Structures are given as C-alpha cells and as structure tokens.
Amino acid sequence: MQHINADTRTELEAAAFRQLLDHLDANKDVQNIDLMILADFCRNCLSKWLVNAASERGIELDYETAREYVYGMPYSEWKELYQAPATPEQLEALDARQQRKKDTHA
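My numbering runs 15 ahead of the 1-based position in the sequence shown.
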C-alpha cells in the first residue's frame, strides 16, 4: 500500500475498521473470550485502542463512550443480551493463551 497517499490510506484503514465493527455486530454470538483465545484481542481492546488513539491526538474520549461505539449500545446492555458465561474450557484456554504470551515475552 506504499503507492497510496497517507490520507487515502487512513480512509481505507478507517473503512476496514468500520467493516470489522459491522462484522462483529452481525456476529454477536462470537464471544469476547473466544476472540481473546484465538486472536488476543476483543471488543474491549478495540475500545481501549480508540481511547488511546484519541489521547495521542489530544482528544478526550472516555472508555465507556468508546465501548458504546464499538458495541453499538451501552456495554451493560450488550453484556446482558449477548454475553454468555465463560465455560471452564474457555477459561482454561484463555489461561493457556496468556501463559504462552508470558513465556514468549520472558
């Protein structure tokens, strides 16, 4: 993508991010813990990244506002409607993922 100017590249990246949010919204059955197990990020991570990006640009964006943007509704509502309790297998897999991450950064 080096042949694309910076402004256009930013527009493409923003469009891809919006598509990712749309995709996650259309697949609410995909649980955050499963995203964390498979890809080491989740909807909450995206929210935190938005807050950090805003902060780097001197823009105030609080975490709850960012989460509402990412989830498409207040987080508490999304959690009540769509978040299933983590299974013992999911918790074990997440622990194993986090341990592997620690081991590779040690």
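To be clear, the hints were calculated from the coordinates, so they are not data collected in a lab. Please read these numbers as outputs of a predicted model, since none were measured by experiment. One should not assume that every hint holds.
What the hints assert, rightly or not - Straight line, CA to CA, 27 angstroms or less: simulated DSS-like cross-link-like pairs of lysine-lysine: (1) K63 <-> K117; (2) K43 <-> K94; (3) K63 <-> K116; (4) K43 <-> K63; (5) K63 <-> K94.
Hints versus structure:
1. The suggested pairing of K63 with K117 holds, with an alpha-carbon distance near 21 angstroms, which does not exceed 27 angstroms.
2. Of the pairs offered as hints, the one joining K43 and K94 holds, with about 10 angstroms between alpha carbons and a cut-off of 27 angstroms not exceeded.
3. Between the alpha carbons of K63 and K116 the distance comes to roughly 20 angstroms, so the proposed pair stays at or under 27 angstroms and holds.
4. A threshold of 27 angstroms between alpha carbons decides the hint, and for K43 with K63 the separation of about 19 angstroms falls inside it, so the pair holds.
5. For the hint pairing K63 with K94, the CA-to-CA distance comes to about 17 angstroms; that is within 27 angstroms, so the pair holds.
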